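Colleague: Here is how the chains run, residue by residue.
Number of protein chains: 4
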Amino acid sequence: MSNTLFKGIISYPITPFRAEDGGVDLETLGRLIDRLIQDGSHAIAPLGSTGESAYLNDNEWDEVAEASVAQVANRVPVVVGISDLTTMNAVRRAKFAEKAGADAVMVLPISYWKLSEREIFQHYQTICEAISIPVMVYNNPVTSGIDIAPELIVRMVKELDNVTMVKESSGDIQRMHKLYHLSDGEIPFYNGSNPLALEAFAAGATGWCTAAPNLIPEWTLRLYEASVAGDLIQAREVFYKQLPVLQFILKGGLPTTIKAGLQICGFEAGIPRHPLLPLDSAGQNELAEMLKQLNG
Amino acid sequence: MSNTLFKGIISYPITPFRAEDGGVDLETLGRLIDRLIQDGSHAIAPLGSTGESAYLNDNEWDEVAEASVAQVANRVPVVVGISDLTTMNAVRRAKFAEKAGADAVMVLPISYWKLSEREIFQHYQTICEAISIPVMVYNNPVTSGIDIAPELIVRMVKELDNVTMVKESSGDIQRMHKLYHLSDGEIPFYNGSNPLALEAFAAGATGWCTAAPNLIPEWTLRLYEASVAGDLIQAREVFYKQLPVLQFILKGGLPTTIKAGLQICGFEAGIPRHPLLPLDSAGQNELAEMLKQLNG
Amino acid sequence: MSNTLFKGIISYPITPFRAEDGGVDLETLGRLIDRLIQDGSHAIAPLGSTGESAYLNDNEWDEVAEASVAQVANRVPVVVGISDLTTMNAVRRAKFAEKAGADAVMVLPISYWKLSEREIFQHYQTICEAISIPVMVYNNPVTSGIDIAPELIVRMVKELDNVTMVKESSGDIQRMHKLYHLSDGEIPFYNGSNPLALEAFAAGATGWCTAAPNLIPEWTLRLYEASVAGDLIQAREVFYKQLPVLQFILKGGLPTTIKAGLQICGFEAGIPRHPLLPLDSAGQNELAEMLKQLNG
Amino acid sequence: MSNTLFKGIISYPITPFRAEDGGVDLETLGRLIDRLIQDGSHAIAPLGSTGESAYLNDNEWDEVAEASVAQVANRVPVVVGISDLTTMNAVRRAKFAEKAGADAVMVLPISYWKLSEREIFQHYQTICEAISIPVMVYNNPVTSGIDIAPELIVRMVKELDNVTMVKESSGDIQRMHKLYHLSDGEIPFYNGSNPLALEAFAAGATGWCTAAPNLIPEWTLRLYEASVAGDLIQAREVFYKQLPVLQFILKGGLPTTIKAGLQICGFEAGIPRHPLLPLDSAGQNELAEMLKQLNG
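First to last, the sequence lines map onto chains G, D, E and Z.
Residue numbers are given in the numbering used here: position 210 of the first sequence equals residue 210, and the series is strictly consecutive.
Residue numbers are given in the numbering used here: position 97 of the second sequence equals residue 97, and the series is strictly consecutive.
Residue numbers are given in the numbering used here: position 250 of the third sequence equals residue 250, and the series is strictly consecutive.
Residue numbers are given in the numbering used here: position 49 of the fourth sequence equals residue 49, and the series is strictly consecutive.
No lab work stands behind these hints, which were simulated from the structure alone.
Keep in mind that a hint or two might mislead.
No copy is singled out in the list; a pair is fine if it fits within one copy or between any two copies.
[What the hints assert, rightly or not] Calculated cross-link-like contacts (lysine-lysine; reagent style DSBU-like; alpha-carbon spacing at most 30 Å):
id	residue 1	residue 2
1	K178	K158
2	K251	K7
3	K241	K158
4	K251	K158
5	K7	K178
6	K251	K178
Note that the structure is a prediction, hence the values are computed from the model and not measured.
Could you build all of it, start to finish, from the sequences and the hints given here?
Modeller: So this is what it looks like as structure tokens:
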């Protein structure tokens with residue numbers, strides 16, 4: 001069940017849109033991915049929450065998936081986010097990602113109508129049967145409207161062959177404790193809640209799924225390295241330094257705040273798609289001040 | 001601000017899918033709409049939550065909108081549901097519905113990323129500026145992930161010309177009290193929470209947005225008629241009789257339970273789309289028993 | 001199981017404290033009780049949440065219980081509130097109330113440690129076995145920290161002889177629906193949530209447990225009378241008129257707001273006990289304005 | 001503002017009751033306190049949640065406070081828990097504790113009626129003005145019904161001289177992050193949520209307020225020592241070993257489970273007070289099994 005392909009800092013690029021027509025800007029995306037890899041990311045995760053995948057149409061989604069995998073070019077592993085309201089389209093996207101060369105997919109069941117455990121299980125099962133690459137279960141109740149219980153997650157890891165990893169974004173550290181216990185520490189879990197990064201590593205997380213490396217790559221790496229080395233004092237210190245940024249980017253919505261932050265850093269990546277609005281000027285100033293303190 | 005076009009029982013048809021290929025079955029939809037009108041519905045609301053609009057692609061959505069309006073053929077007013085993650089596609093659908101002849105649209109902002117009040121307002125504003133027919137604000141925190149405060153609703157009614165009605169599905173009667181007070185009883189509000197039907201009418205709701213008429217049309221009418229007549233004793237009596245069905249269809253998810261109920265009633269309308277699963281047999285038996293007691 | 005002793009407006013007097021030493025002012029309490037009865041209350045409920053029973057020591061509690069029953073002097077029925085952290089002291093108080101001549105007791109289990117269903121049941125059972133007068137189960141999760149499920153309430157009504165009534169203060173109308181259904185409409189339930197008064201009567205509540213008659217007795221009576229007469233239009237009208245006061249007194253804490261309101265009405269009843277503070281002057285002005293509009 | 005008197009493992013003794021008459025058993029309490037100190041506790045905290053202080057009358061409370069301080073006899077510091085519904089009695093108890101020789105008091109405002117920030121502040125202020133020993137603010141929303149915001153806590157530390165420490169039992173690690181940031185890491189905070197022990201130390205907690213040393217003293221010490229040494233790998237390992245016990249004792253209610261556990265360990269300390277019931281036999285077996293695995 002162990003999976004050593006993904007560990008450390010798993011970086012989530014935003015999806016840039018062109019100023020002129022609002023379309024996907026693949027060239028800028030490519031440069032952003034290069035930057036993330038050069039800055040030390042251990043893996044790249046396109047089309048996640050940060051990547052505004054929920055706001056792309058199918059053609060755009062396919063383009064971004066293909067271009068991202070090609071751009072990474074096997075320098076680090078790639079996990080592609082799959083979150084679609086219908087199982088049919090989730091399957092289509094998962095197959096597309098596999099064919100494009102993704103190393104894994106991260107599957108978030110989203111809901112209009114709440115899904116029962118039976119429905120969640122079958123959603124994963126149908127996707128798993130359609131592809132051969134590993135599947136990361138992704139639990140994010142706030143954005144998806146579905147809360148997958150640790151017991152169900154562990155059952156899926158046991159019963160569905162390619163489910164091998166879990167990303168937990170509920171922000172509740174007890175969920176990680178539960179995953180650890182239910183699997184005797186065997187299931188690799190990844191933290192998707194930025195302000196919980198220190199404690200998730202303390203609790204044994206294999207990696208941190210985060211958009212923060214778009215803005216403060218060194219700080220995320222330092223936290224990971226101190227954690228892997230078991231150096232709690234250093235981990236705590238570098239965590240508290242970056243925590244204000246981690247809280248800010250989460251609270252304001254990742255596409256909104258990361259795009260604003262990239263602009264502050266001199267990397268023009270456009271604004272999010274409506275109904276999302278760009279960060280207001282008070283927020284921009286606050287973020288600029290935080291980034292200046294951290295990045296010097 | 002008053003709007004007398006919509007009142008009473010506003011019925012939500014499911015969207016039938018063909019057994020052979022899963023596609024939309026417009027012929028069956030047409031027959032269902034006829035049945036709802038013949039059974040006394042005061043208005044028809046295609047492409048709502050019940051209509052699985054969240055699970056339709058754009059082509060399917062357009063077909064259902066067009067066919068529904070045509071089928072109603074002005075016998076009663078039609079309000080078409082608009083809930084789309086991007087403002088751009090919500091506008092496209094609203095314009096399509098208007099062109100197809102809808103009398104109004106019901107707009108539910110849905111979220112992947114939570115929307116701020118500024119973002120919700122602008123979403124409505126953009127839609128309103130693109131069409132000329134009335135807009136019903138729709139608040140349904142559980143399915144949409146967004147809770148629109150009564151204060152914001154009232155502000156939109158005041159500042160956006162074609163916002164003239166509110167559908168409240170939070171299930172919290174205090175929200176209706178608040179709408180009443182903030183507008184001095186002027187804004188017509190509609191109840192979208194089935195198990196709150198009695199109390200919403202008591203609190204002054206203009207109508208009841210419900211999928212129940214697919215299964216128990218007479219009972220919903222009787223509740224409305226007793227309420228309009230101010231006959232509390234009769235309203236209470238007919239409400240408690242139908243309440244078990246109202247609770248059951250909500251708890252099991254409306255597309256799932258209404259489609260099962262239609263089959264029980266001898267009207268074949270298929271099953272919901274994956275990841276939604278058909279009602280299990282225990283649920284079918286429970287529902288059949290309830291319907292037998294009510295419909296004789 | 002039916003209980004016709006208590007119905008209509010069940011009024012909750014505050015417990016007045018002397019300005020000079022903070023002690024209980026029995027003389028003023030007596031005048032307040034007289035006023036409530038003269039104003040038409042159908043029953044009196046001393047030592048409820050409004051009566052600050054939680055903030056009285058045992059001697060004070062006994063004095064208030066005894067004096068209240070004596071003052072009512074059988075003009076209307078009396079139900080005495082019993083809420084104590086230990087079962088032992090709850091039993092002591094229930095026996096004291098019975099001996100003092102109370103017609104019933106209203107029992108609210110309160111928690112420091114959450115109670116299991118087994119512990120709640122045994123708490124009621126022990127009290128029931130110690131007295132012979134009827135017991136009203138009181139569910140008020142917000143103040144007591146315990147939420148008694150409707151299923152457990154109905155089980156207690158069935159299994160414990162003197163449990164014959166339920167006061168529901170959760171503010172959730174669905175709880176009343178559940179009580180109605182689980183008992184085939186047989187268990188009399190009383191509403192303890194002021195802003196739910198209209199809907200609770202619509203749903204069939206036998207009475208309204210309220211502190212509002214300290215300030216606006218006629219309005220509470222009018223709502224009850226319209227409801228009993230089945231006149232929904234009139235009930236709605238008088239409800240919306242008094243709703244701002246009902247919301248205000250609940251939101252600010254009943255002892256705090258009712259004592260402020262009594263002073264506004266010219267009835268000096270002191271202030272609540274620390275840590276509770278008197279209503280601030282902005283609140284006093286707001287309340288005075290509301291009362292002037294209602295009481296003329 | 002720093003306070004070095006309290007750190008490490010702050011142990012909460014239960015309050016034993018005699019089997020024959022239910023009265024407080026001071027002799028057994030004395031032996032339990034000796035045991036906790038011999039087992040390495042860095043401080044003793046009588047009359048906390050674990051000590052059933054909520055269920056003691058004033059005389060009993062005084063006896064336990066006096067006997068506990070005397071028994072500790074300055075071997076380690078003592079912090080006495082003060083949680084009373086009225087400010088007046090909280091003051092009385094705080095003064096009693098100070099006179100008895102306590103090194104500090106831990107103050108939990110509890111509510112029947114919710115307290116405003118103004119009321120919480122004044123409650124603390126009144127107590128602080130009556131005594132000279134340090135005050136630990138105690139936030140425990142689940143048992144007390146009041147959630148003290150980090151901003152208010154920090155304000156009280158700044159404005160009230162003897163408020164110098166904070167015990168956080170909300171179980172939300174973000175509260176500790178907030179306290180750290182709002183005070184630039186200056187306010188010592190203590191963790192009161194057992195299943196959060198690892199992460200609280202990771203986040204910089206000065207100590208762990210816990211009843212676990214009654215049952216597994218060595219394990220709590222090992223976690224503290226590994227944390228102080230900054231050894232994350234060791235801290236994680238010893239935490240996960242003891243986590244099932246930590247979860248179990250919290251979930252079942254500390255007085256209930258700790259008393260059951262003491263009996264399992266051969267230390268007879270009676271049962272909790274009604275309405276609390278003793279642990280049922282299934283729970284006893286589960287706990288016995290866990291303790292056997294840990295304590296050998």
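Colleague: Now tell me, hint by hint, if it's right for this structure.
Modeller: Hint check:
no.	hint	in the structure
1	K178 x K158	within (15 Å within a copy, 38 Å between copies)
2	K251 x K7	within (25 Å within a copy, 33 Å between copies)
3	K241 x K158	between (39 Å within a copy, 23 Å between copies)
4	K251 x K158	between (35 Å within a copy, 28 Å between copies)
5	K7 x K178	both (20 Å within a copy, 28 Å between copies)
6	K251 x K178	both (26 Å within a copy, 14 Å between copies)
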